[in-house]
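Assemble the dimeric complex from its two separately framed chains, guided by the hints.
Residues per chain, in single letters:
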Amino acid sequence: MAAPKKNGMQTVWFQNPPVIIATASIVGYREGEGPLGKTFDLVVQDTYYGEKTWEKAEQRMLQEAMQKALEKAGLQVKDIDFMLAGDLLNQIITANFTARVLGIPFLGLYGACSTMYEGLALGAMLIDGGFAEKVLVGSSSHYNTTERQYRFPTELGNQRPMTAQWTVTGAGAAVLAREGSGPVITHATIGKVVDLGQGDSMNMGAAMAPAAADTITCHLQDTARQPDYYDLIVTGDLGAYGKKLAEQLVTQYGYNISDRFTDCGILIYSAAQDVHAGGSGCGCSAVVTCGYLIDSLKTGKYKRLLGIGTGALLSPCSVQQGETVPGIGHAVVIEMR
Amino acid sequence: MQFFWAFVIGGALCVIGQLLMDLTSYKFTPAHVLVTFVSVGAVISAVGLYQPLVNLAGAGATVPLTGFGHLLAQGALNGVKQNGLLGAFSGGVAAAAAGITAAVVFGYLAALTFRPRG
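Chains A and P are the protein sequences, given in the same order.
Positions 1 to 337 (my numbering) are the ones given, in order, by the first sequence.
Positions 1 to 118 (my numbering) are the ones given, in order, by the second sequence.
In silico DSBU-like pairs for lysine-lysine, Cα to Cα no more than 35 Å straight-line:
{"no.": "1", "chain 1": "P", "residue 1": "Lys27", "chain 2": "A", "residue 2": "Lys56"}
{"no.": "2", "chain 1": "A", "residue 1": "Lys68", "chain 2": "A", "residue 2": "Lys52"}
{"no.": "3", "chain 1": "P", "residue 1": "Lys27", "chain 2": "A", "residue 2": "Lys52"}
{"no.": "4", "chain 1": "A", "residue 1": "Lys192", "chain 2": "P", "residue 2": "Lys27"}
{"no.": "5", "chain 1": "A", "residue 1": "Lys68", "chain 2": "A", "residue 2": "Lys5"}
{"no.": "6", "chain 1": "A", "residue 1": "Lys244", "chain 2": "P", "residue 2": "Lys27"}
{"no.": "7", "chain 1": "A", "residue 1": "Lys56", "chain 2": "A", "residue 2": "Lys192"}
{"no.": "8", "chain 1": "A", "residue 1": "Lys72", "chain 2": "A", "residue 2": "Lys303"}
{"no.": "9", "chain 1": "A", "residue 1": "Lys303", "chain 2": "A", "residue 2": "Lys192"}
{"no.": "10", "chain 1": "A", "residue 1": "Lys301", "chain 2": "A", "residue 2": "Lys244"}
{"no.": "11", "chain 1": "A", "residue 1": "Lys68", "chain 2": "A", "residue 2": "Lys38"}
{"no.": "12", "chain 1": "A", "residue 1": "Lys72", "chain 2": "A", "residue 2": "Lys56"}
FYI, nobody ran anything at the bench for these hints, they're computed from the structure.
Since this is a predicted model, take the numbers as computed values, not measurements.
Same shape as in the complex, but just chain P (with noise of 0.2 Å):
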């Protein structure tokens, strides 16, 4: 069932995406949806409602940038919990090391295999 949810919630997501570009004729770039999702998705994570739709979803809700959004709100919370109000500027970013981190490695290693062919 977990399949299911995964597909239909992590697929709305991308279609509230996509339909920002397409009915705004491209004038809400990728950028855009790009800040637009993570700022949201830590508003919604901070006022408590993501973590139930990661709980019914999984990757669906976790993989799109929303869920890179909740990663740093709860990271943030966490944060504070453990190193008071310093813990607020990096709890976010230390939650979120791991996905950075691996985008920087697996960026690097695609750039040094690959050549784009435009």
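If we strip away everything but chain A, and leave its shape as in the complex, we get (with noise of 0.2 Å):
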């Protein structure tokens, strides 16, 4: 017998959809310039935000997102059933000392870039499956501290082609609630690990891509929906090149998105910033999220929208030994009712 909850092959939907109650959002200097600069709470203009590390100053942006989050929903520590985060650094430590400070019953997460619609995904099942009234999400990524896990230390000056992405710097976190007044999350779609063989760590759009491609047609296909129903269906971190081909590959499974397919890493830098194919990373779609997509829904510029976290599953070792690199994608429906 099918799960009571389960449509199709890979989606949920919720009986009574949780509402974000709050979101809050915190970015460095450059995403502060970009065109998305006024939707975030806070824009920090130094890379260390005042700590002795990139590392630890990741780690403040995340706690005081997370806490920003919890000012604006009227809620303390103790109102929180559990916490969901996650980050890009190894052992997800920029999620570990946060939940360390905070001290909420903790479940860290790894998806790579997806991890803030993991987080969504798995937070409104909490609730609507009866386990939390309150979840906190959040997840984060910095330029620097990105750049010395996966590639090289920024010292090094090495050069980017221009299919690199540029990591955002920024922590996204919101509050779910089973009840409460804000956009409501009705779907998730949990994706499969896709992987076409792109090996170039340099480009990591088109290593998502193929992922991102899966599972909105999956969405479509499992709530038997035309890409209409939504007024924007947007990607984590695909960049330009990675969203143009994630378009094909929609396209080509039968579905025109086109004129309302974005991506959050392209949405958060301009074009003067020269950052080539867009931002990336984990704090990418949470705070794009957390920011602009949130204030959207609420001044009802969207009723209703499609947000696909995209990850891409390498690791620097994995690299190095010539694996190609895996792409996922969640997707989490968000609606303003």
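What follows is the structure, encoded as structure tokens:
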């Protein structure tokens, strides 16, 4: 017998759609200078954020974003049943150290850059499953910590090809609740790991695009909806090249999404900022969703959106050993009711 | 005239390195360039073709990584002349000692003095 709240192959639906009662976002100076600069709660000018290392700075950003989300919801730490968070650093230290400070029962997540959407999907399941009243979700990334972790220390001044994306410095957090006012999460489509053999770690958008296209298509099939049900279909961090590729793949699969399809990695920077293919990182979809997208739902600019957090599931070691880059995409439907 | 050749030869060597990265969409990484340039420089030097380049272009040939390979190869050859076979192992690094030590010392001083801004 199929699970009562499962719809099709990969999609779950929520009987009492959990509400996103508050969100918060903190970003670095480059994101603050971008087109969405005004939609963030705080723009931090110093890449160290007054800390000794970039890792500490990232941790502080995630912590403050989560605290800010609680504050906006008028809640305290003790009101939260579970915290779901993740980041890009080894052993997800940013999320772990933030959970150490907040002291909320914690489930650490790793979905690479899809982590925010993985968290939203799981948080909504916890609430609609009756296991929690309120869940705090967050994720973060930092340009300099990510470069150090995945590529080269920035001190090396390494060159970046035009397909490379710029890791967003920022943290986003959202409070999900069983009741309250705000946009609601009605469905989630859990992605499969898809790998079409793209092995270039400097072109992550192309590596993630097949997974995003797979999840979008599967979501539309599972829900028997057409793309025009949504005002916006937005991926996490495919960047310029990945977005184009995902669009082509979805068209091949029989859906036309091009008139309502965009990507957080494209939205967050302007062309003049010369970040090459766009933004990336856990923080990218987190801050754009927790800032601009949720704002747009609240102001009525959009009514229904399909967000797809996209992750490239590589490690520095796997790249050095010549492995290809698998991707994943988790979709969440957020609607204003 | 040596300035001209230093510019042309030094620049040409760097263009080769840049093209190796650009034309392979960076699958050929800076680390690959480093190893390849040092190795190729050593081989060219060993067959006697690098010294004429140094005579022509001066620092234009000695400063790029191929020049480091040249230094290693010539050091090893001189080492053999002075100390026999063992010199092949010690000569190269002995000849490059000034460069290696300078890299360590100035790298350390820079790390002490500056903080990367990111």
